[in-house]
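A.B. asks: Single-letter residue listing:
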Amino acid sequence: MINASLTELRAALDARKISSVELAQLFLQRIERLNPTINAFITVDPALALANAREADARIARGEAGPLTGIPLAHKDLFCTEGMLTTCGSKMLANFVSPYDAHVVSQLKAAGAVLLGKTNMDEFAMGSSNENSHFGPVANPWDLTRVPGGSSGGSAAAVAARMVPIATGTDTGGSIRQPAAMCGITGIKPTYGAVSRYGMVAYASSLDQGGAFGRSAEDCALLLNGMVGLDEKDSTSFPGPSADESGLPVPSKDLGDLCRDLNKPLTGLRIGLPAEFFGPGMADDVRASIEAALEIYRSLGAQTVEVSLPNAQLAIPAYYVIAPAEASSNLSRFDGVRYGHRAAAYGDLDDMYRKSRAEGFGAEVKRRILVGTYVLSHGYYDAYYLQAQKLRRLIAEDFQRAFTACDVIAGPVSPTTAWGIGEKTADPVQMYLSDIYTIAVNLAGLPGLSHPCGFGNGTLPVGLQLIGDYFSEARLLNTAHRFQQVTDWHVRHPSMAA
Amino acid sequence: MSLTLEQVRRIADLARLEMPDAEAEATRVKLNGIFSLIEQMQAVDTSGVEPMSHPQELSQRLREDRVSESDRRDDYQRIAPQTESGLYLVPKVIE
Numbered sequence: 014m015i016n017a018s019l020t021e022l023r024a025a026l027d028a029r030k031i032s033s034v035e036l037a038q039l040f041l042q043r044i045e046r047l048n049p050t051i052n053a054f055i056t057v058d059p060a061l062a063l064a065n066a067r068e069a070d071a072r073i074a075r076g077e078a079g080p081l082t083g084i085p086l087a088h089k090d091l092f093c094t095e096g097m098l099t100t101c102g103s104k105m106l107a108n109f110v111s112p113y114d115a116h117v118v119s120q121l122k123a124a125g126a127v128l129l130g131k132t133n134m135d136e137f138a139m140g141s142s143n144e145n146s147h148f149g150p151v152a153n154p155w156d157l158t159r160v161p162g163g164s165s166g167g168s169a170a171a172v173a174a175r176m177v178p179i180a181t182g183t184d185t186g187g188s189i190r191q192p193a194a195m196c197g198i199t200g201i202k203p204t205y206g207a208v209s210r211y212g213m214v215a216y217a218s219s220l221d222q223g224g225a226f227g228r229s230a231e232d233c234a235l236l237l238n239g240m241v242g243l244d245e246k247d248s249t250s251f252p253g254p255s256a257d258e259s260g261l262p263v264p265s266k267d268l269g270d271l272c273r274d275l276n277k278p279l280t281g282l283r284i285g286l287p288a289e290f291f292g293p294g295m296a297d298d299v300r301a302s303i304e305a306a307l308e309i310y311r312s313l314g315a316q317t318v319e320v321s322l323p324n325a326q327l328a329i330p331a332y333y334v335i336a337p338a339e340a341s342s343n344l345s346r347f348d349g350v351r352y353g354h355r356a357a358a359y360g361d362l363d364d365m366y367r368k369s370r371a372e373g374f375g376a377e378v379k380r381r382i383l384v385g386t387y388v389l390s391h392g393y394y395d396a397y398y399l400q401a402q403k404l405r406r407l408i409a410e411d412f413q414r415a416f417t418a419c420d421v422i423a424g425p426v427s428p429t430t431a432w433g434i435g436e437k438t439a440d441p442v443q444m445y446l447s448d449i450y451t452i453a454v455n456l457a458g459l460p461g462l463s464h465p466c467g468f469g470n471g472t473l474p475v476g477l478q479l480i481g482d483y484f485s486e487a488r489l490l491n492t493a494h495r496f497q498q499v500t501d502w503h504v505r506h507p508s509m510a511a
Numbered sequence: 266m267s268l269t270l271e272q273v274r275r276i277a278d279l280a281r282l283e284m285p286d287a288e289a290e291a292t293r294v295k296l297n298g299i300f301s302l303i304e305q306m307q308a309v310d311t312s313g314v315e316p317m318s319h320p321q322e323l324s325q326r327l328r329e330d331r332v333s334e335s336d337r338r339d340d341y342q343r344i345a346p347q348t349e350s351g352l353y354l355v356p357k358v359i360e
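Going down the list, the protein sequences come from chains A and B. For the first sequence, position 325 (counting from the first letter as 1) is numbered 338 according to my numbering, and the numbering increases by one without interruption. For the second sequence, position 67 (counting from the first letter as 1) is numbered 332 according to my numbering, and the numbering increases by one without interruption.
It is worth saying that the hints were derived from the structure and are not from the lab. Using N, Cα and C, we set each Cβ at its ideal position, and we do this for glycine too. Be careful, since some hints might not be right.
Short, incomplete list of chain B residues facing chain A, as computed with Cβ under 8 angstroms [to be verified]:
{"hint": "1", "residue": "Ala280"}
{"hint": "2", "residue": "Leu282"}
{"hint": "3", "residue": "Lys295"}
{"hint": "4", "residue": "Leu296"}
{"hint": "5", "residue": "Val309"}
{"hint": "6", "residue": "Thr311"}
{"hint": "7", "residue": "Ala345"}
{"hint": "8", "residue": "Leu352"}
{"hint": "9", "residue": "Val355"}
FRET-style restraints, in silico, Cβ to Cβ [as the list claims (entries may be wrong)]:
{"hint": "10", "chain 1": "B", "residue 1": "Asn297", "chain 2": "A", "residue 2": "Ser345", "range": "49 to 59 angstroms"}
{"hint": "11", "chain 1": "B", "residue 1": "Glu304", "chain 2": "A", "residue 2": "Glu77", "range": "51 to 61 angstroms"}
{"hint": "12", "chain 1": "B", "residue 1": "Glu290", "chain 2": "A", "residue 2": "Thr317", "range": "45 to 55 angstroms"}
{"hint": "13", "chain 1": "A", "residue 1": "Ala123", "chain 2": "B", "residue 2": "Arg343", "range": "21 to 31 angstroms"}
{"hint": "14", "chain 1": "B", "residue 1": "Ser312", "chain 2": "A", "residue 2": "Tyr393", "range": "10 to 20 angstroms"}
{"hint": "15", "chain 1": "B", "residue 1": "Ser312", "chain 2": "A", "residue 2": "Lys246", "range": "50 to 60 angstroms"}
{"hint": "16", "chain 1": "A", "residue 1": "Ala396", "chain 2": "B", "residue 2": "Glu360", "range": "40 to 50 angstroms"}
{"hint": "17", "chain 1": "B", "residue 1": "Pro285", "chain 2": "A", "residue 2": "Glu21", "range": "12 to 22 angstroms"}
{"hint": "18", "chain 1": "A", "residue 1": "Ala74", "chain 2": "B", "residue 2": "Arg343", "range": "44 to 54 angstroms"}
{"hint": "19", "chain 1": "B", "residue 1": "Asp339", "chain 2": "A", "residue 2": "Ala64", "range": "35 to 45 angstroms"}
{"hint": "20", "chain 1": "A", "residue 1": "Asp361", "chain 2": "B", "residue 2": "Ser335", "range": "33 to 43 angstroms"}
Working from the sequences, and respecting the hints, build out all of it.
C.D. replies: In structure tokens, the structure reads:
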């Protein structure tokens, strides 16, 4: 049962082969057993989960079940949950119980999904290894000495270890795709604006986007169906009004049922391979898995074409201006006055701010606040922030040019498989460079998906990234689903899930 | 470019982050590493390129001006570090 797909779980629930309460108990027991070693969860609430499961069972009995009713779920710990801790992986919010639910949380609650708990993450979603958490690092279920990726490392590890069938995440620079790849599961970051950011603790607002983790593309499609949609409380949520005829596409579309195209044949699909994604930076074991996966896509009727993203190498420098700039502004709200950490001893008001923030934020968060403060300060704005925004335009235009020659873009997610815990913590720049293949997608606001495509050096999962044009989530999920119909990488599981 | 200790302290001051002297130098070294990465941007000629501040070409939605939130002051203040009589308490600002 722990390895069953959502469709199989749905069938079992509807046929009363298992109740939602039994399903919740099964996964809660796994969390209890595995979390001391994996540390994927910051908060688990068995009583609430079982109460929600009983409600789901009643709903199923009434014949009113939707696709997610009674399915256990975990939220990344930056989605606000009323009455449950939302720590964002930070000491700053270690005691924060939100007075309201994030839009995503209320939608999935209304769908009858059963929340088991909140997952570990890099503090304020800043990191690529989940080592920046106030609550300690997360272990990769495939090798406990290695990182699960980040920042949504807890969600990815929890799904990989079968502690929960599906989980939410957020992706600002790769934080869904990269941990999905490193943990051997499937993850999708939709088009910017597809999932409401209301109640999602903000890091970099023009980049942050909620998305889904599951073991397969089909499971991701089912979860994402329950997350997307217009939210009046998020002004960037679409479908929105037609606004502008220039430049980027106007977000006015409804994504529709994301499962609708899952089984469409891939015959004639043009897969673009950017030369910049296949350069010397990629490890040999990753390259071998990616090449083998592309061969499978060709055997499914897709054709591969060369495309170019000439400004892709500028994505990291541009991101490390834009994201810290937005973060320094967003995180100015943490002042020890209305909620969050306040220092125990302080002098005047200004001293209270300084001490509360210095104590509440970890080292990486402070660094990004400092970088952001500097690039936005008087006299430096044009050289940094404006220049980064111009590069962002060039990067987004590269993708649009590429999509005239292909339907989806494929490449690696991460240049290497999961590295050892502690291996890259001394040098932030080394950590940043690991996001070379994921960040450009966030700058452009495009949807991206990661699916397992092999094992590097035998034991550690490798992910393949699919990037689509705006609003092409259904196609990305279709592409990955067809791949998963003829391969079994996505059903492989770490030994603890046998 | 390379930040001086003085600049690091000034940025920390602007960001309202207490920066003990013992941390300032290590922070400076790490920030300079990050800025050497960022400096790669300066090699690109972007004259004539329109800055992109956001991935959507989107104007703000308008809505009817009506009350949509209820009064939940008690809920919001329950999570505050210090309140009294419905007010948030901070150190004295005006003598």
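A.B. asks: State for each hint whether it applies.
C.D. replies: Hints versus structure:
1. For alanine 280 of chain B, the suggested interface contact is upheld, since its CB lies about 4 angstroms from the closest CB of chain A, less than 8 angstroms.
2. For leucine 282 of chain B, the suggested interface contact is upheld, since its CB lies about 5 angstroms from the closest CB of chain A, less than 8 angstroms.
3. With its C-beta approaching chain A no nearer than about 6 angstroms, lysine 295 of chain B sits inside the 8 angstroms limit, and its interface hint holds.
4. A cut of 8 angstroms between beta carbons decides the hint on leucine 296 of chain B: the least distance to chain A is about 6 angstroms, and the hint holds.
5. A hinted interface residue such as valine 309 of chain B counts as satisfied when its beta carbon comes closer than 8 angstroms to some beta carbon of chain A; here the least separation is about 6 angstroms, so the hint holds.
6. Satisfaction of the interface hint for threonine 311 of chain B is found here, the shortest Cβ-Cβ separation to chain A being roughly 4 angstroms, below the 8 angstroms cut-off.
7. Here the hint on alanine 345 of chain B is kept, as its CB sits about 5 angstroms from the closest CB of chain A, short of 8 angstroms.
8. Interface restraint check: leucine 352 of chain B against chain A, minimum CB-CB distance 11 angstroms, threshold 8 angstroms, status violated.
9. Because the closest C-beta pair between valine 355 of chain B and chain A is about 5 angstroms apart, less than 8 angstroms, the hint holds.
10. Taken as a hint, the range 49 to 59 angstroms is violated for the pair asparagine 297 of chain B and serine 345 of chain A, whose Cβ atoms sit roughly 24 angstroms apart.
11. Glutamate 304 of chain B and glutamate 77 of chain A have their C-beta atoms about 59 angstroms apart, which keeps the hinted 51 to 61 angstroms range intact.
12. In this structure the hint that glutamate 290 of chain B and threonine 317 of chain A lie 45 to 55 angstroms apart at CB holds, the actual value being about 50 angstroms.
13. Between alanine 123 of chain A and arginine 343 of chain B the beta carbon distance is about 25 angstroms. The supplied range of 21 to 31 angstroms therefore holds.
14. A hinted range of 10 to 20 angstroms holds for the C-beta pair serine 312 of chain B and tyrosine 393 of chain A, which are about 19 angstroms apart.
15. Range check, serine 312 of chain B to lysine 246 of chain A: Cβ separation about 39 angstroms, and the 50 to 60 angstroms hint is violated.
16. Checked against the hint of 40 to 50 angstroms, the C-beta distance between alanine 396 of chain A and glutamate 360 of chain B comes to roughly 41 angstroms, which is consistent with it.
17. Checked against the hint of 12 to 22 angstroms, the pair proline 285 of chain B and glutamate 21 of chain A fails, with Cβ atoms roughly 56 angstroms apart.
18. Checked against the hint of 44 to 54 angstroms, the pair alanine 74 of chain A and arginine 343 of chain B fails, with Cβ atoms roughly 36 angstroms apart.
19. For the pair aspartate 339 of chain B and alanine 64 of chain A, the supplied restraint of 35 to 45 angstroms is violated, since their beta-carbon distance comes to about 24 angstroms.
20. At about 35 angstroms, the CB distance of aspartate 361 of chain A to serine 335 of chain B agrees with the hint of 33 to 43 angstroms.
When each numbered hint is compared with the structure, violations occur for hints 8, 10, 15, 17, 18 and 19.
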